[in-house]
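Enquirer: Going down the list, the sequences are from chains P and X.
Residue numbering for the first sequence is -7 to 204, as defined by the numbering used here.
Residue numbering for the second sequence is 133 to 318, as defined by the numbering used here.
To be clear, the hints were calculated from the coordinates, so they are not data collected in a lab.
Incorrect hints may appear among the rest.
[To be verified] Stretches of chain P that chain X covers, calculated by requiring three or more beta carbons in the stretch to come under 8 angstroms of a beta carbon on chain X:
#1 4 to 10
#2 163 to 175
[What the hints assert, rightly or not] If you only want the chain X side, here are some residues facing chain P, beta carbon under 7 angstroms, derived:
#3 D161
#4 V252
#5 A253
Think of the CB as a built atom: it goes at the ideal place given N, C-alpha and C, for glycine as much as any other residue.
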Amino acid sequence: MNCSQARDRLAELLYGELDPEKKSLLEKHLAECSGCRREYRALSGVRQLLDQVPVPKGQIDLSALYREAAQRQDRRARRWRRLAICVSGAAALFAFLAGLRLETRLEPHQVILRWGAPPTLEVAPTPPLRGGDERVLTPEGRSVAAVEERLQLHGKLIHALADDIQALERQERQDAGQLQVRLRALQEQNAQRWLAINRTLDAIYTLSQKGE
Amino acid sequence: MGSPDPELIARWQRGDRAAFEVLVRRWQDPVARFVYRLVGRREPVDDLCQEVFLRLYQAGPRYRESGAFPTWLYRIALNVVRDSARRRRPLSLPLGEREVSDGGTGADRVCQREEVGRLVARAVAELPESLRLALVLRHFECMSFAEMARLLGTPAGTLKSRFAVALNRLRDRLQELGLGPEEAEE
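Kindly produce the complete structure, drawing on both the sequences and the hints.
Expert: Here's what the structure looks like:
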């Protein structure tokens, strides 16, 4: 055993922590080495000095201890109550804002603060659905149904207009046919009259020729 | 010899306040010694001990029979001392207290011995916490390194090394204060 190894184990020797084999090796070294012996004596002196440290007595005031424990319990309970109130307040505020549907938004050159449902395009009031056909719909569903209903209505109007136009065309065609028939009759009548006039003229001319 | 600690704790947990008071009376001196050796000053010891037993009282319902009661109690005391040390910086020894007068006889020697003891306590308190704990638990509380390892959660081998370092540092510090082996032999 060299001095370095010996000095590492002096504290263990001093406090009886070494096994018999290591202890006898170290004691043998100490018997031969005055430097390590001096070191061991110094540590032994420290141990004796440590034993001179005063030994204070404890004085626990039990009534003060119970009082303080009760006060701390109260303080903790108060802290929990305050925390519970804060959490409930925050939850109520959150619920209120959620009910209000508050929305804040930052946009270029403006801050938008809005509550309630988001605005929708103004639509003309639509006639109510037929009785018994009403269903519970969301606002979005309601507006889609209204648009579909209006589209159906417009389709029906277009079909009705087309029918009207076809009826008018049919009427016009009938009127035109009647006019053509009448025109032909007038033309025939004119032609007959024209013939009669010609005949009259021929007769007058013949008579005048005879009169000359 | 009264009831053993586990029995007292069980009674206390069932609401028997007298059992708690027996525990306090049994352990108040060991806790005071432990606290004093860690802080190195007498003045704060009473308040710190009061705090230790207050925390023990509050933590009592949570105690389970998983470890030894003294280990649990010492851990509470250690936490109280650590909390206290965080609140105030440790003071080095005032210059006036570093000189130990040459002893006369009788009452002078008693006073000198007390003075030496106080200086040694303060020198111990100046050690870094890891070294101080190893020294206090091994020397004053006579704990084995295995018990210390359980209390501190540090390997026993590390604690042995710390203990040796603590003794050497303390020897140097005491020599600076004029407390060599000759003072011990008186």
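Enquirer: Determine for every hint whether it applies to the structure shown.
Expert: A quick look at each hint next to the structure:
no. : hint       : verdict
1   : 4 to 10    : holds (count 4)
2   : 163 to 175 : violated (count 0)
3   : D161       : holds, 5 angstroms
4   : V252       : holds, 5 angstroms
5   : A253       : holds, 5 angstroms
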